[in-house]
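Visitor: Read off the chains here:
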Amino acid sequence: MALDITTARPWPALLDLPWRLPLEEWPEDRLAALPRGISRHVVRFVRLEGRVVAIKEIKDDIARREYAMLRMLRRLDQPAVEPIGVVSGRLTRDGEPLDACLLTRHLQFSLPYRAMLSQSLRPETATRLIDALAVLLVRLHLVGFWWGDVSLSNALFKRSAGEFSAYLVDAETGELQDRLSNGQREHDLDIARVNIAGELMDLQAGGYVDEDLDPIEVSDRIIQRYTVLWTELTEVERFDLGERWRVDERIRRLNALGFDVGELDITTDFDGATIQIQPKIVDAGHHSRRLLRLTGLDVEDNQARRLLNDLDSYRAAHDRQNDDEEQVAHDWLMQVYEPVTRTAPPEMRRKIEPAELFHEVLEHRWYMSEAAKRDFPIEEAARDYIAKVLPSKPDDSAVVGVDTAEMPVRART
Amino acid sequence: MATVTYDNATRIYPGADGPSVDKLNIDIQDGEFLVLVGPSGSGKSTALRMLAGLEEVNEGRILIGDRDVTNLSPKDRDVAMVFQNYALYPHMSVADNMGFALKIAGVSKTEIRSRVEEAAKILDLTQYLDRKPKALSGGQRQRVAMGRAIVRSPQVFLMDEPLSNLDAKLRVQTRTQIASLQRRLGVTTVYVTHDQVEAMTMGDRVAVLKDGILQQLDTPRRMYDHPNNVFVAGFIGSPAMNLLEEPIRDGGVQLGSIVHPVEQSKLAKAEKTAIVGIRPEDLEPTTEGGIPVEVDVVEELGADAYIYGRTTVGNQPGDTQLAGSDDEKQIVARVDGRNVPDKGQTIHFKPKGQGDHLHLFNPESGERIES
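Heads up: the protein sequence lines correspond to chains A and B, in order.
Read in full-length UniProt numbering, the first sequence has 90 at position 90, and its numbers run on one by one without any break.
Read in full-length UniProt numbering, the second sequence has 167 at position 167, and its numbers run on one by one without any break.
I should point out that these hints are in silico values taken from the structure, not numbers from a laboratory.
Treat the hints loosely; a few may be bogus.
[To be verified] Going by beta-carbon spacing under 7 Å, a handful of chain A positions derived as facing chain B:
1. I62
2. S181
3. Q184
4. E186
5. H187
6. D190
7. V194
8. A197
9. G198
10. M201
11. A205
12. G206
For clarity, every value in this text was computed on a predicted model and none was experimentally measured.
We put the beta carbon where it would ideally sit given N, CA and C, even for glycine.
Go ahead and model the full structure; you've got the sequences and the hints to work with.
Guide: Below, the structure written as structure tokens:
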């Protein structure tokens with residue numbers, strides 16, 4: 001049997017990897033880091049031509065299925081890791097067959113939940129991770145994806161202006177259907193709750209999170225957050241004809257949650273006295289789409305919200321409410337955003353995404369103003385932040401694959 | 001523990017041409033291990049999910065014990081879907097790994113401890129309860145994962161292709177483990193697989209489905225000896241039963257140059273032709289004529305050997321998986337391992353016995369012709 005490499009785009013460097021060795025035995029100099037701990041499959045991270053590739057050793061048919069599923073999810077514009085390909089037909093030097101490997105691209109600046117929790121001093125980090133996972137689950141359910149194994153471990157998290165965005169990394173058990181039944185959604189939620197509680201209890205048993213965090217209470221939050229969001233996104237609303245403003249109101253509420261309404265079903269009853277509305281198609285990324293259109297910046301939705309707010313302040317401060325929106329956005333990008341994000345010296349830039357840096361600078365300026373009881377220009381805040389705060393920040397891009405279960409944890413202050 | 005009843009249970013997907021599960025009727029006994037088996041698209045997983053509350057039941061009912069659960073949500077049904085993909089938590093003891101889900105459900109500490117100890121006894125894990133999963137072997141870890149489902153002590157266990165992500169060796173091992181564990185626990189279990197060998201080796205009874213319709217519900221032995229129709233005949237057994245459409249003659253059925261005897265009561269119910277089914281082990285070489293088979297492949301298994309060959313006799317029904325070209329039909333026969341023919345040789349076969357090792361099916365309906 002010959003080695004068979006299936007990829008969306010050819011990548012000859014893949015041929016240089018030691019496919020004849022079981023993944024567990026790959027030499028350390030090949031690996032980005034060595035993750036340990038118990039996992040159902042062997043997973044390793046490899047640095048290849050400047051990219052970090054996650055490699056998972058699984059049965060051929062499952063690898064192919066997951067590869068196709070991840071491609072489909074990306075096509076549906078869902079937050080999932082990018083599949084690179086499947087390597088099958090592997091043989092050892094003695095001719096013994098080896099399992100196939102699924103290759104995905106490691107998501108830049110993303111972290112596993114264990115790293116997020118142990119890095120952070122803020123007690124609400126756990127609940128913010130859950131909130132991000134709830135958004136992810138709702139989005140996946142809306143497109144008919146039945147995950148089957150929802151957990152913090154099966155997602156990756158990116159910082160997004162004080163919140164997190166969650167990405168799906170494990171689609172092994174997933175199924176794509178036209179529409180999910182209520183039972184299927186409940187089942188995913190139930191699995192999520194049990195898994196989250198287990199994951200938090202485990203961190204607690206290992207002494208990685210505070211004793212006063214209640215895993216069961218935190219895990220319950222996935223159900224509450226999911227239910228609120230699902231209801232807002234899908235519920236039928238009825239009102240009198242005279243209350244037509246409630247249509248706009250509903251759309252505004254959905255926008256505020258970060259969703260655009262692609263299609264809204266509006267019906268009236270017999271005599272036309274009451275109206276019934278129900279969102280039919282909703283797309284996440286309301287703020288990030290608007291920012292992308294105005295500035296070409298492609299960032300997480302909450303980061304985009306933050307940047308758009310700053311753009312609005314800029315517009316007001318320069319008295320340009322009547323100017324063309326795109327022109328103002330272009331000027332803001334050139335005069336504010338780019339100079340600020342370029343203030344960081346190159347060696348520190350890989351610590352943090354530019355949009356996240358911008359958000360941090362805005363936060364920092366607020367603290368400076370609070371302390372000094374006066375306003376600071378953003379350039380000054382940026383210089384101060386980069387001198388005093390950024391150097392001590394952990395390097396998000398370097399935590400890749402580190403054995404996070406054994407990462408030291410700082411005590412809470 | 002409880003019985004499970006599918007009462008005309010039907011699932012129709014919106015926009016689909018027909019039902020995915022069509023008027024399913026199965027009575028599962030208390031403590032029984034029932035396997036749902038069929039090819040993909042047969043409706044086996046859908047049937048299981050209807051019982052789990054994951055698929056709507058459009059018509060009919062599903063009962064657990066005397067309780068109608070048709071419209072209950074999954075968590076109110078007291079069933080447990082058993083996964084193989086349970087995570088094990090490295091910092092928690094084996095006991096906590098098994099029992100933590102009960103904590104979430106609000107079960108008291110003493111109750112959790114006693115249920116965990118009971119499960120550990122059954123799973124041979126008692127001495128490891130206070131250790132971390134890392135200290136366990138692969139097989140023991142697998143059992144801890146099973147323990148997680150057992151401590152919930154549900155009325156029914158549901159398993160949907162639980163072995164599909166294991167390699168062949170571990171599959172056989174785990175298959176045996178699950179079957180013996182189920183027998184020790186005595187919990188009613190419904191198990192879905194596409195693999196008929198798995199179905200036959202594990203189930204107390206097996207339900208074969210095709211296109212959403214139950215084809216046969218029987219013990220493995222009865223299913224093998226007495227398939228109700230051509231589909232079941234071809235699906236159950238490996239290598240598959242030989243199926244050939246042959247002319248009916250006075251006193252029997254034409255098989256090549258001979259007329260093999262068949263009971264008159266069966267012949268009376270047959271039309272001009274019948275589909276004749278003969279298992280590979282029910283064929284024997286003969287020098288008196290019969291079905292001529294040109295040997296393509298010989299698979300030696302030691303005591304026995306399987307012969308894979310072709311014959312020009314009879315018509316092979318279109319829907320068997322072995323259908324070859326129009327005029328040449330595939331034949332599989334088991335022969336004595338010490339007396340194996342050569343490749344390319346042509347030998348004649350006839351059924352053993354006097355018609356008792358031969359199955360007849362109606363070529364139109366595919367139904368078994370009974371005496």
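Visitor: Taking the least C-beta to C-beta distance, is I62/A closer than 7 Å to chain B?
Guide: 6 Å, holds
Visitor: Does D190/A pass the interface check with chain B, least Cβ-Cβ distance below 7 Å?
Guide: Holds. Min distance 6 Å.
Visitor: Holds or violated: the hint that G198/A contacts chain B, with Cβ atoms closer than 7 Å.
Guide: At about 6 Å, which falls below the 7 Å cut-off, the nearest Cβ of chain B leaves the hint on G198/A intact, so it holds.
Visitor: Holds or violated: is there a CB of chain B closer than 7 Å to the CB of E186/A?
Guide: For E186/A, the interface hint holds, since the closest Cβ of chain B sits about 6 Å away, which is under 7 Å.
Visitor: Are Q184/A and chain B close enough, Cβ to Cβ, to be under 7 Å, as the hint says?
Guide: This interface hint holds because 5 Å falls under the 7 Å limit.
Visitor: Is the interface hint for A197/A satisfied, with its Cβ closer than 7 Å to some Cβ of chain B?
Guide: 5 Å, holds
Visitor: Go through the hint on A205/A and say holds or violated, using the shortest Cβ distance to chain B against 7 Å.
Guide: 4 Å, holds
Visitor: Given S181/A as an interface hint, is its Cβ closer than 7 Å to any Cβ of chain B?
Guide: The hint holds - S181/A has a Cβ within 7 Å of chain B, the shortest such distance being about 6 Å.
Visitor: Hey, does the V194/A contact hint survive, CB to chain B under 7 Å?
Guide: Nearest chain B Cβ about 5 Å off; hint holds.
Visitor: Tell me if the interface restraint on H187/A is satisfied: Cβ within less than 7 Å of some Cβ in chain B.
Guide: 5 Å, holds
Visitor: So, as I understand it, the hint says M201/A touches chain B; can you test that by seeing if any CB pair is closer than 7 Å?
Guide: 6 Å, holds
Visitor: Return the status of the interface hint for G206/A: holds when the least beta-carbon distance to chain B is below 7 Å, violated otherwise.
Guide: 3 Å, holds
Checked against the numbered hints above, the structure breaks none of them.
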